[in-house]
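Assemble the complex: chain A is given as a structure, and chain B must be docked to it using the hints.
Protein chains in written order, with my numbering: chain A, 1 to 233; chain B, 234 to 651.
Hints should not be assumed to be uniformly reliable.
[As the list claims (entries may be wrong)] Take a look, some chain A residues computed to stay more than 12 Å from chain B by CB distance:
1. Tyr21
2. Glu117
3. Val145
4. Ser174
5. Arg230
[Unchecked claim] Facing chain B, according to a computed beta carbon distance under 10 Å, are these residues of chain A, among others:
6. Ile5
7. Thr7
8. Ile8
9. Asp102
10. Glu109
11. Val115
12. Arg116
13. Phe137
14. Gln139
15. Glu146
16. Asp147
17. Leu172
18. Pro219
19. Lys232
20. Gly233
[As the list claims (entries may be wrong)] Below, a sample of chain A positions facing chain B; criterion: calculated Cβ distance under 7 Å:
21. Phe110
22. Arg113
23. Pro126
24. Pro130
25. Leu132
26. Ser140
27. Pro143
28. Leu144
29. Arg169
30. Thr170
31. Val189
32. Pro193
Don't read these hints as lab results, they were simulated from the structure. For each residue, glycine too, the CB sits at the ideal point set by N, CA and C.
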Amino acid sequence: MSESIRTIKETNMENVFECEYIDGTVRLCTKNFAPGYSVYGERLIKYNGTEYREWNAFRSKLAGAIMKGLKENPVKKNTKVLYLGAASGTTPSHISDIVEKDGKVYGVEFSARVVRELILVAQRRPNLFPILADARFPQSYMPLVEDADVLYVDIAQPDQTDIAIYNARTFLKSDGYLLLAIKARSIDVTKDPSEIFKAEAQKLEKSDFDVKQVINLDPYDKDHAMVLARFKG
Amino acid sequence: MMKLYLVEHAIGSFGFDENGKLIDYVLNPKDIGRVVELLLQHENGEPFPSALELINKVKPEEIVIENEAEIQKLQVKATVKPHHEGAKIFRQSLAKFALESKFASTEDELYTYLYQLAFEYTRRKLRSAAQKRDLLAIQAVRAMDDIDKSINLFSERLREWYSLHFPELDKLLEDHETYAKIVSTFGYRDSITLEGLKSINIDEHTAKRIVDAASKSIGADISEDDINSIQQLSNTILSLFTIRNNLSDYIESVMKEVAPNVTSLVGSNLGARLLSLAGSLEELSKMPASTIQVLGAEKALFRALRSGSRPPKHGIIFQFPAIHSAPRWQRGKIARALAAKLAIAARVDNYSGRYIGDQLAEQLNKRIEEIKTKYEQPPPRKPAQSEKLGERRSRPEKRKSKERYKSKKNNRNEKRRR
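Okay, chain B solo, but in the shape it has when bound:
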């Protein structure tokens, strides 16, 4: 009757007898990527292949293991005892066993290997943890867009509705949040006071105009019930603004964690939008810079591809301040530079997690400066360009597509007629 005390370590599987004497061992491959995979499977109760091989070699009647999850996966009768006799002996003199089994030739070599292994293992786990969270950031930014839409919709309605009572206010206030705040705080236009307006952070000048307008308003008088219903709507709008602010903070923190490099280049909001358009951080990291450059302008891009006209210079990255504030003729160049840096940032975020955002941002700014000085003047207009453009558009194809469209239309009409 033989009992085998099994120890599974990154360097291999070692079997001991009940007196702590080494019976036999099988080494793991010395390949960091492969071993990391084995380790991750091991956590889910998958024994190392080296362990199975060892069991096959020794053919014990019973084995003692440390990881309970492995029990069903082993063909032999097994009991669980963490830190059993063999484990103690092995892990107390790990270096000795590594050298004797010729896994490593020096202690330094062993520890350098284990150090790299721990790093790769942790990086891999970090990556999968971040990958799940990028989907959260994406959903959050989409939710924020939905909320923005709702805020706009409700605010328009609120303005129409409250304008029955106080029409002049609509023109006086651009900002939806302030407008809703006034409706919520004061209700009737007659309750609006200068002091009250100042206490909700409205500047003196505007406040005076509002109070003045309220006293001369041409709006209709309405009942308390009416006001209450209107206020319910304005309260809803205000709470939507609160949710929006919280979401924005949340997106910022998640983005800093999930995609620190992308975030350092374009900020958390635009970064999250890029992830959202790409589908995930992984997808974004696989995209060429030229695709990132036009993400969000798919309609324009495919129109250009079909018709042969000029492709869009930028998609969602137009929101990047350096692009939309630049003169028209510089935008394409800046967009191209930014997209290239974004592609690098996304790849680093997805595959290594190292932080190089500061360098990237610095290089980008340098390039933008260069563009700004080199192309300060708009390019001279070329009269020939319009003709050239016409040539580029292949006429027959265009006609073809038109015909195709026509024939489709005809088909449809025919069907209808039938």
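Here chain A stands alone, though its shape is the one from the complex:
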């Protein structure tokens, strides 16, 4: 398949790549940390002896945020990430690609159903720790994790922002980053999404966060936004 690739080059974000196909389409991709294995049916691309995985912006909100102009990606090589709402491991697998061997991804997920799939993904990735636990009760996974440079929260809960703040206060290093995926429809279906984004961002500002950017993820995810904030606590 590599014949259809024109170039792969690193973007201005560390370890995030852009792949240009012969026909001119451009897609994000990451270096595959588990070569030979595809996680959710994404394309594997060989280029100059390295294997890359296409990063589908419709499947992963972080990729969507990058496509929609995320100014700065706090997920870099060697960062430690606490990931709440790891689900079946789509986005965590790409984060695991980016942070590489010396970074760590602690993937917390509450639904036993999808943890089964998460475990399969983590099996090939020694830097991805699957933890079946409820993000509302950090004390249950406290003994298994360490303080994180980045807290990534993607949980569809009405009180997701409060859960994120609580976890940040327990696990986020000061000056660490929060990436919060807000699903407007699971907070309040009756309100206008942009109002909800504003209200949640304000909540963060009041709780020692410096909100850097709020990105509407449309068309990759309707009624979703990604918030990038810095923790001053």
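Here is chain B on its own, set in the frame of chain A:
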């Protein structure tokens, strides 16, 4: 006055002073199984033994902890503050503390350990989550059996009842659901039309015969009240069919989650029935293949054990298409192969949750093919067999049991006489 900031981590318990200086520590055992148990107890507010030991060693006047649930379990005055000074320092440089306390000699070793620990912890929790849900699947499949019984019962009644009005329909339709649908949709036999029948998916040929029969029916005329009552029954039957279909979908999804390997071998329905007969996934996983092979044929099995006659070749797994569609002399062999694979599948489902269903199914199919080619012809009849069989049955024992039965009967009769 000394305050101890306590940090409990999988590697051990560490105590800091208010300036964030490490005072002392006690390591946890480096045994993944044991630590997973400690972690699970920890969630319910049970402090690590290492923490208690640390407190004993340091004897602080007050401690600061992160987990509120632990407060009552500690003998010392305690306050709660998540991410206190000690916790921050510890968890920000976890690797440093692990190396300094000699828990691990390299960073790699530490993270490999924590990785395995997270895995085992998650697997254990997954298992207990699945174990609860297997009971749900079992109840669902039992409910489905009950519903099937009710459907049959009600359908028989409906056929008898409606036959007073339209007796010919009974013979024309085998399927209970279609029968009930016709009664519900049309009511009087005269309202049945060809178009209407086609719109509820009855094939042209049958539809014509029904309409024809309706026009010449010898059934009695009945009142609107009568029809309404009959329709109430047929509506009930139809709603039972709806419930049955929903249950079947539900069982499928739960079984895929709870016992993916068993399900991939025999499908969700038969899989759930096996769980139901065994009692739970755990019970099934503890059974030898030979028991799984005859689950559901207990009556035949114990009769065979008592009398020494031939044991059954298959229990509920007879429902497996490859068994009941195979010629008689191959069935036992296929049943044995299937039961062996099922035993493996149940154990993997219960103890690891790994998915190996595709491999198992493939191996099983290979074996079935082998049986089909190797034993294509029925075995030759052995005339000596009947005699042999007679020998196997130990006569005295048989007589004994007969006598026992007789004496029981006599006892009973005696009692009655008294």
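Hints and how they fare:
Even its closest Cβ contact with chain B, about 33 Å, leaves A:Tyr21 beyond 12 Å, as expected for a residue assigned away from the interface. Against the 12 Å criterion, A:Glu117 falls within the reach of chain B, whose nearest CB is about 10 Å from its own CB. Distance check for A:Val145 against chain B: the nearest CB is about 7 Å away, which does not clear 12 Å, and the non-interface claim fails. Against the 12 Å criterion, A:Ser174 falls within the reach of chain B, whose nearest CB is about 9 Å from its own CB.
Even its closest Cβ contact with chain B, about 17 Å, leaves A:Arg230 beyond 12 Å, as expected for a residue assigned away from the interface. A hinted interface residue such as A:Ile5 counts as satisfied when its beta carbon comes closer than 10 Å to some beta carbon of chain B; here the least separation is about 32 Å, so the hint is violated. Interface hint at A:Thr7: violated, since its Cβ lies 35 Å from the closest Cβ of chain B, which is beyond the 10 Å cut-off. The interface hint given for A:Ile8 is violated, since its Cβ lies 29 Å from the closest Cβ of chain B, which is over the 10 Å cut-off.
Annotation: A:Asp102 was flagged as interfacial toward chain B, and the flag holds, the nearest CB pair being 8 Å apart, inside 10 Å. Here the hint on A:Glu109 is kept, as its CB sits about 9 Å from the closest CB of chain B, short of 10 Å. The closest approach between the C-beta of A:Val115 and any C-beta of chain B is roughly 6 Å, which is under the 10 Å cut-off, so the hint is satisfied. Taken as an interface hint, A:Arg116 checks out: its beta carbon lies about 6 Å from the nearest beta carbon of chain B, inside 10 Å.
With a cut of 10 Å, the hint placing A:Phe137 at the interface with chain B holds, because the nearest CB-to-CB distance is about 8 Å. Interface restraint check: A:Gln139 against chain B, minimum CB-CB distance 4 Å, threshold 10 Å, status holds. Restraint check, A:Glu146 versus chain B: the minimum CB separation of about 4 Å is within 10 Å; hint holds. Against a cut-off of 10 Å between C-beta atoms, the interface hint on A:Asp147 holds, since the closest Cβ of chain B lies about 4 Å away.
For A:Leu172, the interface hint holds, the least distance from its beta-carbon to any beta-carbon of chain B being 9 Å, beneath 10 Å. A cut of 10 Å between beta carbons decides the hint on A:Pro219: the least distance to chain B is about 31 Å, and the hint is violated. Evaluation of the A:Lys232 hint against chain B yields a violated restraint, the C-beta minimum of about 14 Å exceeding 10 Å. Of the supplied interface hints, the one on A:Gly233 holds, with its beta-carbon coming within about 9 Å of a beta-carbon of chain B, less than 10 Å.
With 7 Å as the threshold, the beta carbon of A:Phe110 stays out of range of chain B, its nearest partner Cβ sitting at about 10 Å, so the hint is violated. A hinted interface residue such as A:Arg113 counts as satisfied when its beta carbon comes closer than 7 Å to some beta carbon of chain B; here the least separation is about 6 Å, so the hint holds. Of the supplied interface hints, the one on A:Pro126 holds, with its beta-carbon coming within about 6 Å of a beta-carbon of chain B, less than 7 Å. Hint on A:Pro130 holds. Least Cβ distance to chain B is approximately 5 Å, under the 7 Å limit.
The interface hint given for A:Leu132 holds, since its Cβ lies 4 Å from the closest Cβ of chain B, which is under the 7 Å cut-off. Taking 7 Å as the C-beta contact cut-off toward chain B, the hint placing A:Ser140 at the interface holds, the least distance being around 5 Å. Using the Cβ-Cβ criterion of 7 Å, the hint placing A:Pro143 at the interface with chain B is satisfied: the shortest such distance is roughly 5 Å. The restraint placing A:Leu144 at the interface with chain B holds, with a minimum CB-CB distance near 6 Å, inside the 7 Å limit.
Against a cut-off of 7 Å between C-beta atoms, the interface hint on A:Arg169 holds, since the closest Cβ of chain B lies about 6 Å away. The beta carbon of A:Thr170 comes within 5 Å of a beta carbon in chain B, closer than 7 Å, and the hint placing it at the interface holds. Of the supplied interface hints, the one on A:Val189 is violated, with its beta-carbon coming no nearer than about 26 Å to a beta-carbon of chain B, more than 7 Å. A distance limit of 7 Å between C-beta atoms decides the matter here; for A:Pro193 the minimum to chain B is near 31 Å, and the interface restraint is violated.
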